[in-house]
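Peer 1: Those protein sequences? They're chains A, B and C, same order as listed.
With numbering that gives the first Met the number 0, letter number 208 in the first sequence gets 207, and the count goes up by one each step, no holes.
With numbering that gives the first Met the number 0, letter number 205 in the second sequence gets 204, and the count goes up by one each step, no holes.
With numbering that gives the first Met the number 0, letter number 252 in the third sequence gets 251, and the count goes up by one each step, no holes.
Calculated directly from the structure, the hints in this document are not laboratory data.
Don't take every hint at face value.
Straight-line distance between alpha carbons at most 35 angstroms, and here's what the computed DSBU-like set of lysine-lysine pairs gives [as the list claims (entries may be wrong)]:
hint	chain 1	residue 1	chain 2	residue 2
1	C	K185	B	K260
2	C	K185	B	K203
3	B	K240	B	K213
4	B	K206	B	K69
5	C	K122	B	K240
6	B	K94	B	K25
7	B	K203	B	K134
8	B	K94	B	K260
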Amino acid sequence: MAAAAGFDFRRWRLVLLGGLLVGIVLFAAIFAPWVAPYSPFDLDVTQMLQGPSAAHWLGTDELGRDVLSRAIYAARISMQVALLAVSVGLVGGTLIGMTAAYFGGLVEQALMRAMDLLFSFPAILLAVVLMASLGTSVLNAMIAIGIVFIPGFSRLARASTQAVLRQQYIEAARSIGMSDARIIFREILPNIMAPLMVEAAVAFAYAVLLESALSFLGLGAQPPDPSWGNMLSTGRGFMAQAPWLSIVPGMAMFICVLGFNLLGDGLRDVTDPHMRE
Amino acid sequence: MDIRSRALENGRPTLSVRDLTVDFPKRSGSFRAVDGVSLDVWPGEIVGVIGESGSGKTMTALSTLRMLPKRAVVSGSIELGQRRILDLSPAEMRKLRGDRLSFIPQDAMRALNPTMRIGRQVGEPLVLHRNLSFKAAVSRAVDLLRAVHVREPERRVEDYPHGFSGGMQQRAMIAMGLALEPELIIADEPTTALDVTVQAQVLKLLKEIRDREKTSILFITHDLGVVSELCDWVYVMYRGKVVEQGSVERIFTEPREDYTKMLLASTPTLFPREAS
Amino acid sequence: MTDTVIQVAGVTKSFVRGVNAVDDVTLSVARGETLGIVGESGSGKSTLLRMILRLIRPSAGTITLDGRDVWNAHDRDLKAVRRQMQAVFQDPASSFNPRQSIGTILAAPLEVHGIGDRASRAKLIGETLERVGLPAATVSRFPHQLSGGQRQRVAIARAVIMRPAVVLADEPTSALDVSVQAQVLKLFREIKDELGLTSVFVSHNLAVIREVSDRVAVMRHGRLVEIGTAERVFNSPESDYTRALIDAVPDPFRRFRAPVELESGS
Numbered sequence: 000m001a002a003a004a005g006f007d008f009r010r011w012r013l014v015l016l017g018g019l020l021v022g023i024v025l026f027a028a029i030f031a032p033w034v035a036p037y038s039p040f041d042l043d044v045t046q047m048l049q050g051p052s053a054a055h056w057l058g059t060d061e062l063g064r065d066v067l068s069r070a071i072y073a074a075r076i077s078m079q080v081a082l083l084a085v086s087v088g089l090v091g092g093t094l095i096g097m098t099a100a101y102f103g104g105l106v107e108q109a110l111m112r113a114m115d116l117l118f119s120f121p122a123i124l125l126a127v128v129l130m131a132s133l134g135t136s137v138l139n140a141m142i143a144i145g146i147v148f149i150p151g152f153s154r155l156a157r158a159s160t161q162a163v164l165r166q167q168y169i170e171a172a173r174s175i176g177m178s179d180a181r182i183i184f185r186e187i188l189p190n191i192m193a194p195l196m197v198e199a200a201v202a203f204a205y206a207v208l209l210e211s212a213l214s215f216l217g218l219g220a221q222p223p224d225p226s227w228g229n230m231l232s233t234g235r236g237f238m239a240q241a242p243w244l245s246i247v248p249g250m251a252m253f254i255c256v257l258g259f260n261l262l263g264d265g266l267r268d269v270t271d272p273h274m275r276e
Numbered sequence: 000m001d002i003r004s005r006a007l008e009n010g011r012p013t014l015s016v017r018d019l020t021v022d023f024p025k026r027s028g029s030f031r032a033v034d035g036v037s038l039d040v041w042p043g044e045i046v047g048v049i050g051e052s053g054s055g056k057t058m059t060a061l062s063t064l065r066m067l068p069k070r071a072v073v074s075g076s077i078e079l080g081q082r083r084i085l086d087l088s089p090a091e092m093r094k095l096r097g098d099r100l101s102f103i104p105q106d107a108m109r110a111l112n113p114t115m116r117i118g119r120q121v122g123e124p125l126v127l128h129r130n131l132s133f134k135a136a137v138s139r140a141v142d143l144l145r146a147v148h149v150r151e152p153e154r155r156v157e158d159y160p161h162g163f164s165g166g167m168q169q170r171a172m173i174a175m176g177l178a179l180e181p182e183l184i185i186a187d188e189p190t191t192a193l194d195v196t197v198q199a200q201v202l203k204l205l206k207e208i209r210d211r212e213k214t215s216i217l218f219i220t221h222d223l224g225v226v227s228e229l230c231d232w233v234y235v236m237y238r239g240k241v242v243e244q245g246s247v248e249r250i251f252t253e254p255r256e257d258y259t260k261m262l263l264a265s266t267p268t269l270f271p272r273e274a275s
Numbered sequence: 000m001t002d003t004v005i006q007v008a009g010v011t012k013s014f015v016r017g018v019n020a021v022d023d024v025t026l027s028v029a030r031g032e033t034l035g036i037v038g039e040s041g042s043g044k045s046t047l048l049r050m051i052l053r054l055i056r057p058s059a060g061t062i063t064l065d066g067r068d069v070w071n072a073h074d075r076d077l078k079a080v081r082r083q084m085q086a087v088f089q090d091p092a093s094s095f096n097p098r099q100s101i102g103t104i105l106a107a108p109l110e111v112h113g114i115g116d117r118a119s120r121a122k123l124i125g126e127t128l129e130r131v132g133l134p135a136a137t138v139s140r141f142p143h144q145l146s147g148g149q150r151q152r153v154a155i156a157r158a159v160i161m162r163p164a165v166v167l168a169d170e171p172t173s174a175l176d177v178s179v180q181a182q183v184l185k186l187f188r189e190i191k192d193e194l195g196l197t198s199v200f201v202s203h204n205l206a207v208i209r210e211v212s213d214r215v216a217v218m219r220h221g222r223l224v225e226i227g228t229a230e231r232v233f234n235s236p237e238s239d240y241t242r243a244l245i246d247a248v249p250d251p252f253r254r255f256r257a258p259v260e261l262e263s264g265s
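Next up, chain A with everything else stripped away, as it sits in the complex:
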């Protein structure tokens, strides 16, 4: 169809633009040791709080470290946290949502009320509470953010599963004697992946913001490890003398979040059957 009639640029433009931005961030994260001009930890007391220059394109921080290099390494942490957090949310939420919709009745009531409860906490507060009980570390930040995502994914998975359950191929599967597990994983799951992937892209953007917020509050990545959140937190103290300390991590977050949101919106348009002819 689309392939036969040539590539439809208009339909894919958001995905391409979002993909480009996300690609830049991912590239920086994966190849940080090769891309970054300096180590993110090297101190140079002679070069404290220097503005952008030929040697340090985006300036240096209060300990004379290269801001560009730190921002690039920070992308690593953000991507790791977001990836694991979204995975926790996606897998947990999808299992809960599908189970609730498929079995219905009391199972559904219990699971979805638990999700309501979880959902009613402000996300950042929930993450802070979880971090307080799990201890502050990057791994715990990932898990905390992942748990914050579970209710959203579970609701989407439940609604999508309910739509699939109304299709006759589910009755057909039951009537040939297929087991519940096989129906759930072979018949339902592949048909609810598209909306979940869209949600995952958007959640990725949100995870980056949440991780930064936690780091900003000192609950995520611990210094000297660089993260956009703790860079921003440091930059706040030097707003007047060295604005680049705040602007650089801020812009990095902006590019990353924008990229994932565009990707999510684009995927929604591309996978939405109503948009096809």
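Fit chains B and C to the supplied structure of chain A, relying on the hints for placement.
Peer 2: Same frame as chain A, now just chains B and C:
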């Protein structure tokens, strides 16, 4: 003498379609949904257009209503009375639709606004085209609903569409279509979603309306049975073309085209002719 | 020949609002016969079929297949019930998983019941496709690439690939054009005769029911109105409702004589 030959002696058809062609541009070439269709509906005549999916029957009806998707390319001529439908401005077309020309769709439930009481909806054409107040329109709606045999119409005008059964909803759509005494009613599979007993009542109602109001009806369907019970004249469509036309008796007793014969032979029946 | 395959005894299904979707229905289907169940919307005909198929649990009554209680079967008995009884559904658009190829769809019942190995399954799928009049290349196609009639042929293939004893069909041709419907009904009858299938065929279309059925059950508001041979029910109906139903059918050959070349269907 059938209606058609009587009409031919005096006057002109209510609806006259000539060489109607509808194309849908696609990335590679274009798709011709209707290919040079000509048909007439005479005053007081019920004309059936029968065909299977993809025959172009619905596209022909939608062309007459000017309700085709925007990208459709239409050529040919369609005349309703003295008006050349394809040359009318959108505003003129809006005035015509629901007034001189009304449409009864297949799915009444989706065509009715779920948040508006039946009385207001049935009376709405009178508000739009005759400047009646809503109150006057609702009281007229009571008469219209009575005319389509809705019981206790005074009470039912207060109901919302979901309180009506499928058959009742279709009656309400027909009442709405009748509100302004149109010259032509176009009905696209209006009984397909209904149970047979309800369908029989709706078909009877349409015949009654034709006899009483002398309204012309263009009836689009895939069901040969419905055509045999309702229509005076039949056009058989296949792949965008009219392959055969004739009086209902002629089409069913002496079909000429292979496609028509095949349709007749495919139709399951309760009255099989004993194989000898 | 009065060997009973399906026995439905006093079966009732009540939904929440106290109305019985199916109300105390008793009937049986003999080996090799086709029972047509006809009724309007809300008659309970599809609910009854789904209870036999073990998709909706009855509120009361028992359903047996070859003497095995369908709803109280366990383990091996349940497997046997599942294997013996297959279904063809109405909607050619939604009765297949859109993300699976026809090959995957047809292999599923064989895999679930552990029949054959990869090679023998592929061979069986090929033969079955050929039998329902589809080219072998259909295995690699996806449902949306097929027409409505082709999809119903695949649905029939899926139902018979395990050589079941019973096939239950719910309005299998209602969404099809008449010319396609005629072909699919013909295929259904041929395969049924070839495999000696017992079948239950649910439809709102009296003429279709007349064409495929040996015996006919008429349902209304969840109750069985009457049951008898197709000849008897359509030629001399006992109940006023059946009479009214027959009179309401817009049948072209009531007014005009059917063409000679039309098969009578009996």
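Peer 1: For every hint, state whether the structure bears it out.
Peer 2: Status of the hints after comparison with the structure:
1. C/K185 / B/K260: Judged against 35 angstroms, a Cα distance of about 18 angstroms means the pair holds.
2. C/K185 / B/K203: holds (33 angstroms)
3. B/K240 / B/K213: holds (29 angstroms)
4. B/K206 / B/K69: Cα-Cα ~34 angstroms, so holds.
5. C/K122 / B/K240: violated (43 angstroms)
6. B/K94 / B/K25: holds (32 angstroms)
7. B/K203 / B/K134: Cα-Cα ~30 angstroms, so holds.
8. B/K94 / B/K260: violated (41 angstroms)
In the structure shown, a violation is registered for the earlier hints numbered 5 and 8, in ascending order.
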